[in-house]
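Put chain S on the given structure of chain X with help from the hints.
From first to last, the protein sequence lines stand for chains X and S.
Counted the way numbering that gives the first Met the number 0 counts, the first sequence spans residues 0 to 165.
Counted the way numbering that gives the first Met the number 0 counts, the second sequence spans residues 0 to 366.
There is no bait here: all hints are sound.
Quick list of in silico lysine-lysine cross-link-like pairs, DSS-like style, CA-CA up to 30 Å:
no.	chain 1	residue 1	chain 2	residue 2
1	X	K110	X	K130
2	S	K82	S	K54
3	X	K26	S	K54
4	X	K8	S	K335
5	X	K30	S	K54
6	S	K86	S	K96
Listed next, with one range per pair, are the computed distances between beta-carbon atoms:
no.	chain 1	residue 1	chain 2	residue 2	range
7	S	G69	X	V127	38 to 48 Å
8	X	V58	S	A78	25 to 35 Å
9	S	Q60	X	E93	51 to 61 Å
Which chain X residues face chain S? A few, computed with CB under 10 Å, are given here:
no.	residue
10	Y6
11	N9
12	I10
13	W28
14	V29
15	E31
16	P32
17	P33
18	I34
19	T35
20	E37
FYI, nobody ran anything at the bench for these hints, they're computed from the structure.
Predicted model only: the values in this text are computed from it and were never measured.
Just so it is clear, CB atoms sit at the ideal spot from N, CA and C, and this is done for glycine as well.
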Amino acid sequence: MNPAIQYFKNIWDAIYTVSFGMIITLKYWVKEPPITIEYPDRLKKGPLILSGNSLEEIVSDRFRGYLTVDFSTCIGCLQCMITCPIDIIAIETEKRDDVRFITRFDINQSKCMYCGLCVEVCPTDAIVHSKRFEGACYDIKELCIRHVETAVPVAKRPSKGEAESA
Amino acid sequence: MHNLASIIQSILKELFGSSPSLDLLYTFLGYLVPCLTVVTVIGMIGGILTLMERKVAGAIQNRLGPNRVGPYGSLQWIADAIKLHLKEDIIPALADKNLFRLAPYIVFVGTVLTGLVIPFGGSFIVVDLNVGLIFLIVAVSLVVIGLLMSGWASNNKWALLGGIRSAAQIVSYEIPSALALLTVILITGSFSMQKIVAEQGLFPWQWFIFYNPFTFIAFFIFGIASLAELNRVPFDFPEAESELVSGYNVEYSSMRFGFFFAAEFGNIFVTASIATAVFLGGGNIGLDPYESGIGYQLLMVLVFFAKAIPLCFVSLWVRWTLPRLRIDQMMSMCWKYLIPISFVCLTCTALWMLVFNGNGIFWRMSG
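Excised from the complex, chain X in its bound form (with noise of 0.2 Å):
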């Protein structure tokens, strides 16, 4: 290219990609709000504060939380226990009249890995996690949690095709 075209094509492309990437730091500048979520200073408390969000959505829908137990859904199997790889869930389970139920249920959430193997093996999905994450104390003791107090009866194995289909 002739030089002295090139000289006037070099002023303007700067013109040109100076303004369109100043236009486009503006536009985000301007309009888009931060993603920046303000944890913990605007979570939902209560009902007064109104803007904010609440603990559920600030975590993703996958997040690897505590573990929570369904007793409603939980057969006794025992397989979360007998699977996790450190030991950290002791289940106890003690027939009553031919009803087997379940006297303890201990989760130490301390030690947990979040692997996840406890709740993949769980045939009725009552194991699983949830999205609570704040978890600090001041004795490690107590988070080692109990989820039975008083002897709960396991909840009725489903049949097979039942399960198939859930």
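Below, chain S alone, put in the same frame as chain X:
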């Protein structure tokens, strides 16, 4: 009565009477008070600009920026300054100690000296020198001595490279910036800042930026060249983090570093106010700056800041848009593009004055 100092002197004379020894004191006070005010104003605005820089950066990058100290982080800059004061002041063992101590003050003085001739609107100017604009250009380039001094005295390879780069850069970009300002001098025929402001008016078509197409280009050349003189992105070679760690101020800590920092951000405001006063009409609202009442004078100050502060924001906006140039690109941009164009602007403005009898494009509208 052509500056704030003489006004203060006359007020003092009315209050306490006049005698040769008292007059000396009045002269001293008359200059001391506005000088201190200017130092404070530039320091404060520099501090607030550090906060705004971080806020703007946050907004552009969809972050929040500082929001811990005070409402919306508005007191962050005070906390930063206090932190800098409380830090340990380290001088490297092998540094040239006297030069090392002197350098930050020279940089800061270079910034503050420019504040003396900035017309803040109305009679609010410390001293209306008849060589005001030349003084500005000289005082801005005093910074380069301080930067080179700090780079040499630190006895550090990065600092020395940063100092050399800043010298090369600031000396080169001095030329287009001065030539761009000189186009306006051709129109006014005076270097006095108050005269330059007085020649313009309240409305945009009376400003020198719209006087003719060449002053319009000169305004942008001054903007680019002053960004380079400020050592700001995209021309921040003296402190290029990725290459030189922090450049000339790498060995500095505590308030000595703080002075570099304050000078850098104070300079943003200073160049914005030069551009405002020279090209954008300054604080001119179409009234005489000395004869009108105090209310109008404060309105002029307001108008001045309403023009200068957005220009500061443009400087921050550019920083978060453009990446750093390569050093040869920076030099070729100055010597191949900015200097020839600013010479063209200067000559064409001179020809314009000759051909159109000293009238601008909008001379019919402005009467």
